[in-house]
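Colleague: Spelled out, the chains give:
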Amino acid sequence: MRGIAVTTEKNMRIYYRKAPVVIFGLLFPLFMFVAFFIGRELEIELFFPAFLAMTLFFTSSSVGPLITPWEKQARTFERLLSYPITVGTLVLGDMAAGMLFGAAISVLVLLVGVAFVGVGISSIVLFLAALILGAICFASMGVLLAAPASSSPSNIMMLSSLIRFPLIFISGIFIPLGELEGLRLATSYASPLTYLVDAMNHAAGGPTSMPVVVDIAVLTAVSAVFLMAATAIHKRSLMKGL
Amino acid sequence: MTSKAYALEASHLTKSFGALKAVDDVSFSVYQGEIFGFLGPNGAGKTTTLRMLTGLLTPDDGRVAIQGFDLQTSLVKAKMQMGVIPEVGTIYVDLTAEQNLALTGRYYGLSRERIAQRTKELLSALGLYDRRADRVRTYSKGMRQRISFACAIIHEPSVLFMDEPTEGLDVQSRRLLIDMVLELNRKGCTIFLTTHNIEEANALCQRVAIINKGRLVALDRPETLRSSFEKTQSVEVSFDPPLDGDALCGGHVSKVETSGDKFILYTDDLHGTIEYVTDIARQRGVRILSLRTRGPSLEEAFVMLTESTSRGCVIND
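One line per chain: the protein sequences are A and B, in this order.
The letter at position 216 of the first sequence is residue 216 when you use the working numbering, and the numbering goes up by one with no holes.
The letter at position 163 of the second sequence is residue 163 when you use the working numbering, and the numbering goes up by one with no holes.
It cannot be assumed that every hint is accurate.
Taking lysine-lysine and the BS3-like style, the derived pairs with C-alpha atoms no more than 25 Å apart in a straight line are [said to hold, decoys possible]:
no., chain 1, residue 1, chain 2, residue 2
1, B, K213, A, K240
2, A, K235, B, K77
3, B, K187, B, K120
4, B, K21, A, K235
These are calculated hints, taken from the structure and not from any lab test.
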């Protein structure tokens with residue numbers, strides 16, 4: 001636990017202010033929100049849970065991909081590995097940094113929504129559960145994206161954008177799941193972001209497509225798979241790129 | 001747990017990368033409190049061996065124990081015993097010197113008070129206390145390496161691994177680091193030093209191991225290693241008044257060369273040749289003005305060992 005806490009603190013101190021995290025984690029969801037709403041007469045309350053999910057998705061998955069490639073490029077990774085910690089500890093520390101970043105920004109966005117847009121949350125417990133699980137899930141995805149052997153942060157950030165961007169278009173953010181059918185609906189079920197959007201809608205009392213138990217179960221299972229895969233791949237490619 | 005007489009035990013370490021066997025059945029032990037040098041040309045397998053010794057790489061075969069803790073079964077306990085200074089100045093440039101040390105201290109479980117105390121001690125000793133709150137990105141290479149060194153010893157490790165620690169440093173930083181390494185060693189810390197600097201290894205190390213093409217080709221005291229290359233040993237001597245060189249042929253001397261007003265006597269027995277030279281001087285009633293032995297330097301031994309694998313091993317563990 002000590003190793004996880006110290007790794008998390010290290011990541012928060014060093015990586016939260018890095019340009020790729022600010023651009024891909026904060027500015028991109030903001031731009032997406034503005035691009036979708038400007039000039040259109042949409043009910044913001046209706047779309048807010050989905051936008052909150054998108055914010056959580058972008059912010060929590062933006063820290064993880066940067067850490068390992070950055071450490072390899074800056075040649076700090078070898079010393080980090082010599083500390084009395086395991087690869088699992090490092091992965092959890094990286095995940096926790098992404099999770100805290102995503103959760104903090106999303107809570108901030110929610111507070112702004114509540115204060116200025118009149119957004120309401122019907123179940124705080126459900127909102128917190130969705131927030132934490134979503135943050136863990138997509139922070140784990142971020143760490144998994146960093147697992148390929150690379151000492152070039154820009155390459156990994158490009159790869160991460162390549163994977164993250166399509167997901168926001170198939171996960172019921174811009175088009176509610178209820179309006180999808182056939183192959184488009186089937187594709188949306190393959191995206192873990194879909195379940196976060198649905199869970200946020202449950203929490204906000206909006207239109208839903210699945211029982212909340214399914215959302216929670218899928219997010220938990222996907223988080224576990226991402227974390228296990230990240231640990232296994234990190235172990236295998238630990239020294240590559242050094 | 002294994003023997004506590006050894007700080008470090010490596011047995012039958014083997015590591016391949018694809019078809020390349022980077023390290024091939026390497027075994028050695030380092031005694032408690034010893035300064036042990038690990039030498040080899042580029043690509044010989046030094047870094048791969050060091051990474052296996054510090055738990056960064058898992059060997060394909062063989063095992064490593066640090067203070068009796070097996071790296072494969074007790075990785076974290078073994079790592080708690082060691083400090084590592086990687087080759088390049090690997091500290092966080094976005095953090096200050098104090099923050100780097102605090103981060104490292106917390107990884108080793110030191111209390112806040114202990115971290116503060118050690119930070120003050122180390123930064124003062126390394127001449128960086130006044131710069132403690134500056135970000136490391138504003139430091140010179142020598143200053144960064146000093147911080148890297150401080151990070152490696154903040155928890156007072158019992159075994160310190162150093163990979164080319166003085167490479168590219170200015171004289172002042174180099175001397176400071178060497179003095180601190182010697183001080184640590186006096187307090188009982190075992191030092192494992194990887195270096196290209198043969199003279200540094202010769203001056204610091206009690207024993208050295210030489211690796212070439214993934215295999216250990218020598219392990220001994222530097223002096224023993226040098227003298228094991230007997231054919232290039234010689235005695236340089238000058239007399240007053242000068243002698244005829246022919247008078248020096250005999251005994252264990254295989255060849256006599258003149259060099260200015262001195263003679264160089266090649267021999268396979270330094271001790272016998274010195275006795276022979278002093279006997280001649282006494283018999284002829286001449287004074288010996290100067291006399292010194294000229295063995296192969298450790299560098300020459302290193303070159304000879306690594307140039308040809310046909311010489312076999314010189315291992316005296």
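Colleague: Now tell me, hint by hint, if it's right for this structure.
Modeller: Here's how the hints hold up against the structure:
1. K213/B x K240/A: Cα-Cα ~21 Å, so holds.
2. K235/A x K77/B: holds, 19 Å
3. K187/B x K120/B: OK: K187/B and K120/B at ~19 Å, within 25 Å.
4. K21/B x K235/A: holds, 21 Å
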